[in-house]
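Enquirer: Sequence:
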Amino acid sequence: MKRLYWLTLLVAAGLLLGAPSTYAQEEMEEEQVAAAQQSCAFICAPVFLFMPGFVASNVLDPPQTASGDDADSSTDFLLRFQVVAPTFIPRASLVALTQWTPFATAGSTPDDDEDEFEANAPAFVYGLIFTLFDSKYFGLSFDPLMVYSGAAKADDSAAYTHKFALELALVPKLGTIMNASEGTFLGGLGAYALLDYVVTGLPDSDDVGGDEFEPDHWVLLGGLIIPLAPFAGT
1 MKRLYWLTLL
11 VAAGLLLGAP
21 STYAQEEMEE
31 EQVAAAQQSC
41 AFICAPVFLF
51 MPGFVASNVL
61 DPPQTASGDD
71 ADSSTDFLLR
81 FQVVAPTFIP
91 RASLVALTQW
101 TPFATAGSTP
111 DDDEDEFEAN
121 APAFVYGLIF
131 TLFDSKYFGL
141 SFDPLMVYSG
151 AAKADDSAAY
161 THKFALELAL
171 VPKLGTIMNA
181 SEGTFLGGLG
191 AYALLDYVVT
201 GLPDSDDVGG
211 DEFEPDHWVL
221 LGGLIIPLAP
231 FAGT
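With my numbering, the residue at position 134 of the sequence shown is 134, and numbering never jumps.
Check before you lean on any hint, since a few could be wrong.
Unchecked claim - Straight-line distance between alpha carbons at most 20 angstroms, and here's what the computed DMTMM-like set of lysine to aspartate or glutamate pairs gives:
#1 K163 with D72
#2 K153 with D61
#3 K136 with D204
#4 K136 with D61
#5 K163 with D134
#6 K163 with D70
#7 K163 with D143
#8 K153 with E182
#9 K136 with D70
I should point out that these hints are in silico values taken from the structure, not numbers from a laboratory.
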């Protein structure tokens, strides 16, 4: 019930924040539709991004150890390469990325410190980006994503499995804040703060030996957005 409550809250927040509130916004969307239809038939020119940063887990809803204490949170260095392709549909883009944590380690249970192993296998993510709000200085989006990463459940039959995740993404536009010229490298710089909820693909308490273990479905990510090509936009 607790996970369902937070998941419902995340979806509701995305829908409320994305609702147009003024006639000017609706008129702007109509202009964007016309411009998009003229510039591309379906998928527009993509943007390639390098996004170094961090990923934090066991922060919002940490699992409990065998002693009943909350498991320690973990923060790891993250490397992320992403491509975003706008579509002819206003406020909708396709996204695909690969990311990995080159120095991360993990144990089989929250209190397993002795049998840690390297958890640095890359993950592959693809899905949709729905822009909820886009201003001069920051943007906000709601992203349904499929994550293809290392198997997490004891009964998984493959080394990699698909997981469905929902993401709320805040993107401060650092280039604009610094008054850098649009279309330049500096103009395309940005930052990102992501709140992800992994809906499927994580183990249940029965998978890892006891009702005391309930994995944290929430993940926090943050870092810089460095444009590779083209420079315009983040």
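Enquirer: Each hint should be assessed against the structure and marked as holding or not.
Expert: We went through each hint and held it up to the structure:
Using a Cα cut-off of 20 angstroms, the hinted pair K163 and D72 is violated, with the two alpha carbons roughly 24 angstroms apart. Note on K153 and D61: the hinted pairing holds, with a Cα-Cα distance of about 19 angstroms set against a maximum of 20 angstroms. This hinted pair does not check out: K136 and D204 have alpha carbons roughly 43 angstroms apart, beyond 20 angstroms. Of the supplied pair hints, the one linking K136 and D61 is violated, its CA atoms being roughly 34 angstroms apart against a limit of 20 angstroms.
Taking the CA atoms of K163 and D134, the gap is near 28 angstroms; set against the 20 angstroms cutoff, the hint is violated. For the hint pairing K163 with D70, the CA-to-CA distance comes to about 24 angstroms; that exceeds 20 angstroms, so the pair is violated. For the suggested pair K163 and D143, the alpha carbons sit about 14 angstroms apart, so the restraint of at most 20 angstroms is met. Taking the CA atoms of K153 and E182, the gap is near 46 angstroms; set against the 20 angstroms cutoff, the hint is violated.
Distance hint between K136 and D70 is unfulfilled; the C-alpha atoms sit about 41 angstroms from each other, more than 20 angstroms.
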